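Below, each chain spelled out in residue letters.
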Amino acid sequence: MKINWKALFSASLLIALSSSALSNSAFAEDIEQPQLLLESCHIKGIRQQVQCGTYSTPENYAKPNGAKVDINFVVLPAIDNSQEKLPLMFLAGGPGQAAAELSAQIYRGFNEIRKTRDLILVDQRGTGKSNPLQCEDSLEVDPYISLPEEFSIADIEQCVAKLSGDLSQYNSENAIRDFDAIRAALGHKQIHIYGGSYGTRAGLVYMRMFPKSLKSVVLDSVGPIEVPIGLFGKSAEQSFKKLMSNCQNEKSCAAQYPALLKEFNVVVERLTQAPASVEIAHPRLGTNTIFNISNDKFISSLQMQLYSMETRGLVPLLIHQAYLGNYKPLAGLIAQNEGGMGIYVGLHFNIVCNEDLPRISNEMKTADADNSFAKGMSLDMVAKVCSVWPKYQPSEAFYQTVDADIPTLVMSGDLDPVTPVSNGEKSHENLPNSHHIISKNNAHIVASTVCGIKIVNEFLEQQKPTELDESCLEEIPAESFMVGLNGGALPQKTPKAMLDMPTKPSKEKE
Amino acid sequence: MIEVNNLHKSFVSKKNTVKALDGLSFTAKDGEITGILGPNGAGKTTCLRTLYGLLRADEGYATIDGIKVTEEPIKARKLLGIFPDKFGLYERLTAYEQIDYFASIHGMKGANKHAAIEQILIDLEMTELAHRKTVGFSQGQRMKVTLAQALVHQPKNFVLDEPTRGLDVMSTRILRNHLAKFKEKGHCILFSSHVMQEVAALCDRVIIVSNGKLAAQGTPQELCDLAGEKQLEEAFVKLIGSDEGVAA
Amino acid sequence: MMQLKALMVKEFKEAFRDRRALMVAMSMALLMPVMIMVMLKVAIKEAVDNPAVYVKYSGEQHAPKLIEALKDENILSFSDVPKDEERNWNERNIELTIPDTFAADMAAGKPIELTLRADYNEKSLSTPIRRIKDVVNQHSLAIGYKRLLVRGVDIKLLQPIKLLEQDTALPSSNAMMITLILGVYLMMAAFMSGLPVAIDSSAGERERNVLEMLLCQPVSTLKIVLAKLSCASSISIISIILMLVLTSIAMNFVDLTKIGATFSIDAQTFVILLLLLIPICFLAASLQLLFAFQAKSFKEAQSTVTMLIMAPSFIPFALMMMDDKPAWVEWMPISGQSLLMEDVFKGLPIDWNALLFTSVATIVLTVGLVLILAKRLTSEKVVMSLS
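Residue numbers (numbering that gives the first Met the number 0), protein chains in the order written: chain A, 0 to 509; chain Z, 0 to 247; chain X, 0 to 386.
Just so you know, the hints here were simulated from the structure itself, not pulled from any lab data.
Predicted model, so just to flag it, every value in this text is computed and none were measured.
Beta carbons are placed, not taken as given, at the ideal position from N, Cα and C, and that holds for glycine.
Among the hints, a few may not be true.
[To be verified] Quick look at which bits of chain Z chain X covers, simulated, 3 or more residues with Cβ under 8 Å:
{"hint": "1", "region": "48-54"}
{"hint": "2", "region": "77-83"}
{"hint": "3", "region": "88-96"}
{"hint": "4", "region": "105-112"}
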């Protein structure tokens, strides 16, 4: 049986946002000399011209004359076309997101910052057009029929065999070396960086390795080195619990779903005993199809909805309908993710399996699995993949606590299912010149809101983390829920987003 | 001393060629007032402009105290005081400033310059005008300023192009007196005019120019004798051989 | 030397006593900051997209989430209108009627009809109306998408065709326009401020019959030209300094960040701009004198020399249109400075070599023009046109 990768990694994802944008411009394939080629190009989703480039770096920095990796990057030029302010480099999440593929969303989401600053988006090695490490979903895999837990070790081995390059070099530290090399090649003495999700991990590594290159740092929804990626059980649980209580605290939601938690437990109970199998009209084709739902499929779908405020509004309805035996809402959600989430699976597991999973002890695993939402689901699947993934040993320094004295803004969303406030607090304590902002009505990624971007922009201007005007956070509305199959709609912070990205009304932004 | 030797000058334009000077020669001696008489278009102004070095003669030369104007125009001009046919003033400057300006151009400075300016102001009876801006000055006042700036550096040679045009009697008298004084001091004075009585009264020698040539020269009396007329005017008409010039 | 000093003293005295010419010169300097301010204000007003709109709702209690969505776009209830704007919005009278059956129809999935009532002919209402329509449509669409999603329909089906647009135009922005215009304006100031003085001291003096007198004096024409040149260009330099000072002051009164513009005229920028513009002032003055002396009358001088002003305003625009700039434009007078000024405004590090080259080129050209002019003044042609 073929493997459905995206169902799989939903378990271990520190994803900032997703998109399947691909750059449309073509580049010369063989670039011999390691020099900067910057040319005007068009990126999907952006009407205006931007700048694209490639930069050759050594695959193994210990062997500068050895094999090369062509690192692809995009520069979104400042609207005022000026170089007066230092640019901002965006570090993508995942691990395994390609920053350049997020250009269109960042172009809009970071508009306030882009007014006066260039934005630099580098495809981390192993993603996008920087020698991508991808395991393709086979076309035969039907996301409705297949179940995430049904994959074999052989599928993974088969994928690994197809990957090119020395996998041990596709690690976080080398990615940062690439980023800093591009910074220098673009002629910037210093830059600002924004990391979201796994991007914060990258950002912390950057702070440790090249502190002099950084003017200031924004860490949004932090994955500190001390907290291995994959231990999401507890944080997902608290995020889910908050959603449940927010629903009960809202009149219409409470009235519509008075026994939601009980219903959730019933569905989980039911699906744990035996996966459900229903016949539905294929969401895209309209033909009849079988829809198999296991507990893992149900939970992982729910967990994906917890990332953003907009999709969280669907969760009560999803649970209630499942309780009533109607799995069509779930099918609709799965349909949205068909076509990929813009994650380069090969790179994702290459990093998670080597840099994070080995750090998780059995005790940690057990403690994390002791929760009422996803239990140990995520880690089990990741562990299965990692068991056959090629190994490398991250450097000793990699696990050092980062305490660089760089102005740093740490941001956390209180409802975040993967990078809880406690993560941000940890980094804030270690970083001497930092400030931790907690946004109450925010899930994963604070900069996904207008207010969040405003604060980031203000911070980049002043680089004084403690002197920011955070008042707009108070105005972010509380969660609101879809209370029937016909709406009660969610208040739309950015209604336009629905039109721009109908493929993903759920998780986009920023 | 001003010497003009066989001057030829033609103005070539698309349509026609005008011969303005056709072998004109004369000498204006130091200690004398020499008048140039001639009908309009006879070449008086062209001749004088050649003297200033503004125009270059096609043939012949002019010298000021022996210095050829074409060869060393700046040196030659230093020896000249000029009262041009059309004179204007810097209307945003005071009379004093204008005189000062020309004095400086002639290389005067400091107390010397100051004294010279004061002297000329007194000589021309224009002290009360000195610190007024020249805008709105009467023709006579303008003439005085122009005269002052031409004379402030005490030039050895003094050329005036129809200086009494538009002057009232009083101003004309001042001018005449001044010229007479200069003559006494041994300066060379050359001036062109239409006014016969003036020339007759003032000039030691008269040069009559017609069609770019010297028609006659001598003292006013000599000219009258030459023409056999009593009045200089009649003599003039006779000497240039037509009466068209006078009418104009 | 003394002669030159005397000549210059006189030129400056005259220039500074010529109120009209001075006014023209300085009005450029005074107008510029005002113009930039106005332009910025307009640009900012356009950029700040969401001025408050007040709508008279009826039945708003039936659709709290829609009202919330409207509020997010700064479309507010008339009941919240501030006192000073109340009369205005009462007159504009935008009404949105939400039917009593809103909630029930929503739950039942029936179409809901909202009524938007306003004077569609009223110009000032077109943007508010568009914004209200947009919010309602987006809100409606969002509900529609979700309704289909929870029915197990792939909502991508709703957009069968997606048009990807690629604009090949060079990105431009208000900020770029402003810096471009500032550059052109500075260039024009360099050219224009000295203009009345240059014409007055050349064609003007000739018309007032004072030039002949001067030319008869024992002074070289080169000195005369230099005196006039230094006077005219000094006036433009003063004007530019004044303009830069006033502009940098004016900049403090507008919030540029709103339109995504940054620039400030700090001490270094100030000096670099002056370094760039001073040679231009000399060049401009020499060109103006040359053309003005050439002209037959004061009037003619005014019209021909005014044509010269086209050059500095035309060249930067022409440069903008040029895709592949040949190397020579970088050191050619005017275009070189204009490119460098663009860099300065963009905050790029200044290319000192280019600055040196273009300055030297400009000065060499100026010297050439001065020599030509000095030669011209000795020619008979000039003298003949005196009378």
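Evaluated hints:
Restraint check on the region 48-54 of chain Z versus chain X: 5 residues with Cβ-Cβ distances below 8 Å, three needed, restraint holds. Against chain X, the region 77-83 of chain Z contributes 4 residues with a C-beta closer than 8 Å to a partner C-beta. That satisfies the three-residue criterion, and the hint holds. Note: the region 88-96 of chain Z has 6 residues with beta-carbon separation from chain X under 8 Å; the three-residue rule is met and the coverage holds. With 3 residues bearing a CB less than 8 Å from a CB of chain X, the region 105-112 of chain Z meets the requirement of three and the coverage assertion stands.
Checked against the numbered hints above, the structure breaks none of them.
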